[in-house]
Amino acid sequence: MQVSLSFRVFRHSVLSCLSRTLFSQTGVWDKDYRPEIRQKVEKWWHPRIMEQCRKDSLEKVLNPMGWDAFGLPAENAAIERGLDPEEWTKNNIQSMREQLDSLGLCFNWDREVTTCLPDYYRWTQYLFVKLLEAGLAYQKEAVVNWDPVDQTVLADEQVDESGRSWRSGAVVEQKLLTQWFIKTTNYAKPLLDALADLPEWYGVKAMQANWIGECTGCYFDFRLKLNGKETGETLSAYCSSPETIFGAAYLAILPSHRLLRGTSSVRSALEKAHQPGKDSLTEVTAYNLFTGQELLLVISQKEEFDGYLDTVIGVPDSSDEDRCLAQALNLKWSTVVTNNQDGTQTLINSAEFSGLSKSEAFDSITQKAREQKVGGHLTSSKLRDWLISRQRYWGTPIPVVHCEACGPVAVPVEELPVTLPKLASISGKGASPLESAQDWVNCKCPRCTGPAKRETDTMDTFVDSAWYYFRYTDPHNTHRPFERPLADHWLPVDVYIGGKEHAVMHLYYARFFSHFCRDQSFVSYREPFRKLLVQGLIKGQTFKLAKSGQYLKRENIDFTGEKPVSLSGEELEITWEKMSKSKHNGLDPQDVVQQYGVDTVRLYILYAAPPEQDILWNVKTDALPGVLRWQSRLWQLVTKLRGARSLGDVPNPSLLKKKERLEARKIWENKNYAIKEVTTYFTEDFLFNAAISRLMGLTNTLTTATVRVLQHSVEFEEALAALILMTAPMAPHLASELWAGLSQVKNPLSPFSQKGDVLLQPWPTVDPEYLETPDFVELTVLVNNKGCGKVTVPVQVSKDLDKVQKLVLDSELGQTHLTERKVKRAILSPRTALINFLIDE
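Quick note on numbering: our numbering labels position 346 of the sequence shown as 346, and the sequence is numbered without any gaps.
Careful, some of the hints might be misleading.
[Stated by the list, open to error] With a straight-line Cα cutoff of 20 Å, these simulated SDA-like cross-link-like pairs (lysine to any residue) come out: (1) 55 to 109; (2) 581 to 92; (3) 60 to 141; (4) 422 to 117; (5) 90 to 68; (6) 583 to 166; (7) 803 to 817; (8) 786 to 690; (9) 60 to 92; (10) 225 to 254; (11) 581 to 591; (12) 799 to 693; (13) 578 to 499; (14) 547 to 568; (15) 55 to 817; (16) 578 to 562; (17) 578 to 568; (18) 822 to 783; (19) 90 to 134; (20) 183 to 225.
None of these hints come from the bench; they were simulated from the model.
Please put together the full structure from these sequences, using the hints given.
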């Protein structure tokens with residue numbers, strides 16, 4: 001739980017929260033928005049916003065917060081400090097909660113969940129037991145990824161492309177261990193197919209589809225035999241053409257397969273037969289539980305099969321390579337596919353499936369294998385089951401005991417949770433720390449009551465976070481993880497906000513759990529999230545020694561020269577990376593807020609970039625000074641209106657002259673256009689930076705208004721009210737004070753002042769008259785990236801490059817800036833009203 005996480009949660013919160021408020025303090029209006037006024041405003045409004053937020057938590061919108069609090073970072077940090085991980089974690093949670101509250105972020109704290117508390121992980125264990133009962137959780141010996149620094153197993157997803165751990169950065173080693181898995185491959189095809197019904201997720205759908213792969217094959221289960229006797233070993237082998245399974249000739253494993261390592265009962269026979277560099281026929285046979293066929297086991301000369309496979313079924317009728325290998329080893333097989341005169345293919349020698357077309361047989365064979373629970377679940381050759389065992393202390397205990405008589409036995413659900421024992425010390429090295437807690441490890445078998453030992457591996461933290469959205473709907477239930485009526489009422493999640501780095505891991509696991517819960521009749525739907533808002537990172541500048549890669553603190557850097565160097569004069573590599581204490585590029589949000597104010601930081605985060613893009617934190621950039629100036633300009637608008645209405649004249653729109661009426665009409669049009677655009681940005685596109693830009697545009701229009709328009713027009717007054725209302729969700733403290741000042745304007749022409757405070761107001765709507773008139777948009781025109789003016793175009797064609805280009809070229813602005821100049825390319829922005837002409841100078 002580092003500072004970088006605080007900023008990540010902060011950005012998530014700013015994107016998802018709307019605040020509520022009460023009244024202003026003094027009724028005395030200061031003409032300028034000075035830093036001391038800002039501090040005074042925020043100090044006054046903050047407790048009132050938080051109080052109103054607590055009242056509003058009873059309304060329909062659910063905006064919860066929780067803590068994914070198990071895992072290696074907390075355990076490692078506690079070990080370094082000689083603390084109990086529980087103590088360390090709880091202190092951090094309390095600190096971060098206070099920090100979030102101080103930033104004016106409003107959550108439904110009555111629905112708070114914490115994954116490391118027994119009242120939460122009791123139900124993580126309950127869901128694991130349900131997976132075990134459904135045959136979807138299992139334990140097997142496997143060659144796994146081992147992190148030598150963090151001393152734990154990693155799932156494939158937690159190893160990067162260079163073979164390093166996603167947490168420690170250590171080069172991952174391969175170890176043979178007995179581990180727990182969840183059979184996510186059984187849901188590969190449903191998870192892949194369901195993507196088609198979801199809206200586009202910033203490329204995440206493609207990432208999910210690519211991770212799952214093309215689901216054209218399936219696994220079949222086998223039992224191994226040696227000298228005609230079953231060995232107790234079972235294998236699942238992949239078949240790329242399930243419809244031809246009755247034509248299998250052999251079962252092939254890689255030389256790195258677990259059967260050639262560890263204590264396998266067939267290991268000696270396999271080692272005796274193995275000839276490195278050759279395809280080796282062994283004395284071991286494999287009995288196909290679906291077809292009843294017995295196949296010879298072959299050790300392949302290959303170092304790898306397609307994808308991540310280590311066991312495949314060789315079917316000569318479906319692969320030339322398989323046929324050549326079978327012939328080379330003098331193996332026999334049945335021909336199972338015949339070619340018809342009309343060009344179609346039909347199955348033969350395939351039991352009751354003979355006579356079916358290949359596509360019919362594909363469906364029938366895989367369906368029957370699933371019904372018999374011996375395979376048949378469509379998946380890809382690249383996808384593996386989810387490895388969830390972790391050899392660390394700070395995680396959810398796996399609710400299983402190991403009995404010599406009964407084997408692995410699930411802890412009965414009525415005896416859950418299996419809580420973590422208190423340990424005197426945790427080293428983080430060697431075997432699982434839980435093995436040292438003998439009083440906890442030694443127990444009785446719940447089935448036979450004989451002596452047994454508890455499972456000492458804990459679960460991957462992604463298991464905890466794969467179902468938390470369900471618990472938010474019913475966080476205090478002591479009888480079930482959640483009640484179906486409540487889950488069906490609140491879910492699927494309307495808008496899920498998360499980082500793109502979770503596009504494969506967390507999101508995939510969360511979707512799997514939701515599909516599983518649907519099959520268990522826990523909920524009525526399969527997909528957990530309707531819409532996804534991918535948020536980028538806030539990155540800080542890092543300085544590391546070019547030779548060693550060591551990260552340096554800013555106080556160890558000399559900034560006086562043309563380029564920063566270390567104090568010893570060594571060359572530095574300067575980059576922007578995710579904020580982290582280890583990289584010395586983090587900063588405390590509290591310090592930033594103290595300097596610039598809560599609203600300024602909120603506006604900066606929203607304005608600096610679209611939510612899906614990263615932000616490079618540099619307060620010297622234009623974004624932060626820009627939002628500071630905008631806040632002052634908003635304040636000045638209220639100041640100007642209050643001043644104009646204090647001149648003595650009673651407001652009377654009929655006193656406006658023609659030119660002033662046209663000015664008021666333009667204000668009215670800009671107000672409606674801003675409401676229309678900003679509403680879309682808020683509710684559909686989440687382009688908060690574009691929303692702020694549009695509000696700045698409306699601010700510009702109001703700033704140029706003449707005094708008589710301020711004095712006598714209802715249009716200015718209503719436009720300013722709408723401007724403040726639309727600013728309020730992003731800058732609630734400032735908007736609350738602005739609204740209070742606007743509400744106290746003398747002789748108001750609008751009834752808004754009678755409705756209470758700003759965040760209790762309804763969202764502004766477009767006037768019906770505006771909807772009846774043709775829509776136009778002001779398009780900013782750039783020439784070689786430099787602004788040269790604006791052109792008004794109909795909204796209907798504003799996204800059509802050819803039509804917009806012609807309108808601009810035919811306009812007065814186009815005639816002035818683009819006549820007789822060769823346009824190499826015109827770029828029409830898909831997000832904002834802007835076109836950029838690239839021309840030859």
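To see whether the hints hold, each was checked on the structure:
1. 55 to 109: holds, 11 Å
2. 581 to 92: holds, 15 Å
3. 60 to 141: violated, 48 Å
4. 422 to 117: Holds, because 14 Å separates the two Cα atoms, which is no more than 20 Å.
5. 90 to 68: It holds: about 12 Å lies between the C-alpha atoms, which stays within 20 Å.
6. 583 to 166: With Cα atoms ~15 Å apart, residue 583 and residue 166 stay inside 20 Å; holds.
7. 803 to 817: With a Cα-Cα distance of about 18 Å, the restraint between residue 803 and residue 817 holds, given a limit of 20 Å.
8. 786 to 690: holds, 19 Å
9. 60 to 92: Violated, at about 30 Å.
10. 225 to 254: holds, 18 Å
11. 581 to 591: holds, 16 Å
12. 799 to 693: holds, 19 Å
13. 578 to 499: Given that 20 Å is the threshold and the Cα spacing comes to 12 Å, the pair holds.
14. 547 to 568: Holds, at about 13 Å.
15. 55 to 817: violated, 56 Å
16. 578 to 562: violated, 25 Å
17. 578 to 568: violated, 26 Å
18. 822 to 783: Holds, at about 11 Å.
19. 90 to 134: Given pair residue 90, residue 134 is violated - Cα atoms ~35 Å apart, limit 20 Å.
20. 183 to 225: violated, 25 Å
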